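Novice: Sequence:
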Amino acid sequence: MKILAIDDNESALKLLTSSITEARSSAQIFAFSKPSELLTFAKDNPCDIAFLDIKMWGMNGLALAKELKELNPVINIIFVTAYSKYSTEAFGLYPSGYILKPVTKEAVEREINNLRHLPNQKNSARLYAQTFGNFDVFSYGIALKFSYSKTKELLAYLINRNGAAVNMNELCAVLWEEKPDTENLKAYLRKLISDLIKTLNAAGADDIVLKRHNSIAIIPDKIICDSYRFMKGDPACVNAYAGEYMTQYSWAEKSKWNFSNILNGEK
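All residue numbers for the sequence shown refer to the working numbering, where the first residue is 1 and numbers rise by one.
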């Protein structure tokens with residue numbers, strides 16, 4: 001997670017950065033006292049969150065937020081100010097949050113736990129699975145390329161199973177709904193499994209697959225996945241779900257409704 005922080009008051013900036021560090025020790029924090037320097041940095045360094053003091057000399061935090069959103073529409077803006085009178089104008093910019101000074105670790109943690117936009121973990125994860133919307137898999141921000149489109153669908157189904165083992169017959173029935181289960185089809189499935197392991201091995205992530213006689217599964221703890229984090233109640237992932245799940249695959253429709261039921265408080 002990459003975080004921008006700005007305040008033209010030295011002591012206030014120090015308190016802000018220390019509070020962010022306490023709340024998220026693993027985050028990369030880039031602190032500035034001048035809006036022009038922050039903007040120059042942000043142009044070449046996309047960040048997930050920006051903590052912006054509102055009342056500053058020159059460009060204030062509201063104008064700075066507009067500039068940042070033009071550079072990165074999904075950056076999470078969190079305004080920091082000693083004056084509640086700015087709240088109406090600030091919320092007109094659709095920020096992720098608003099903190100009144102003095103800044104505390106608890107306030108920072110509360111806002112990070114309720115971000116408007118999901119941080120871009122795909123750039124920093126060995127393997128990141130995006131299941132909301134279209135299914136895609138990334139290794140350090142680069143989309144994995146498979147030799148066959150069915151290999152990608154195979155991985156999607158294994159991720160959908162969340163660690164449950166799947167046998168060859170079930171996989172044939174899911175991946176080829178209208179075709180009879182034949183030896184030729186099973187031979188092609190074995191070819192897809194080999195392609196999957198080869199592709200994951202090239203990304204240094206072949207250890208996510210658990211292959212046994214006549215069955216295969218993935219190990220959920222070895223992959224970062226938006227839907228897995230949704231199930232654990234991660235606020236950012238819950239906010240990111242917009243009713244679409246692995247939209248290119250018909251078999252994913254049932255799981256989509258399961259996510260919607262969770263959001264509606266149903267079992």
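No wet-lab data here; the hints were simulated from the structure. Every value quoted in this text rests on a predicted model; they were computed, and no experiment measured them. Any given hint might turn out to be false.
Stated by the list, open to error - Here are the simulated lysine-lysine pairs, BS3-like style, with alpha carbons at most 27 Å apart: (1) Lys43 to Lys2; (2) Lys2 to Lys14; (3) Lys69 to Lys179; (4) Lys179 to Lys222.
Stated by the list, open to error - Listed next, with one range per pair, are the computed distances between beta-carbon atoms: (5) Pro73 to Glu170: 52 to 62 Å; (6) Arg212 to Lys14: 50 to 60 Å; (7) Phe41 to Leu210: 23 to 33 Å; (8) Arg212 to Phe41: 41 to 51 Å; (9) Tyr188 to Asp136: 33 to 43 Å; (10) Tyr140 to Thr247: 42 to 52 Å; (11) Glu253 to Glu67: 40 to 50 Å; (12) Glu253 to Gly204: 28 to 38 Å.
Glycine is no exception: its CB is placed at the ideal position from the N, C-alpha and C atoms.
Novice: Confirm or reject each hint.
Specialist: The hints, checked one at a time:
no.	hint	verdict
1	Lys43 to Lys2	14 Å, holds
2	Lys2 to Lys14	17 Å, holds
3	Lys69 to Lys179	49 Å, violated
4	Lys179 to Lys222	33 Å, violated
5	Pro73 to Glu170: 52 to 62 Å	41 Å, violated
6	Arg212 to Lys14: 50 to 60 Å	55 Å, holds
7	Phe41 to Leu210: 23 to 33 Å	43 Å, violated
8	Arg212 to Phe41: 41 to 51 Å	49 Å, holds
9	Tyr188 to Asp136: 33 to 43 Å	23 Å, violated
10	Tyr140 to Thr247: 42 to 52 Å	25 Å, violated
11	Glu253 to Glu67: 40 to 50 Å	41 Å, holds
12	Glu253 to Gly204: 28 to 38 Å	33 Å, holds
Violated hints, in rising order: 3, 4, 5, 7, 9, 10; the structure is consistent with all others.
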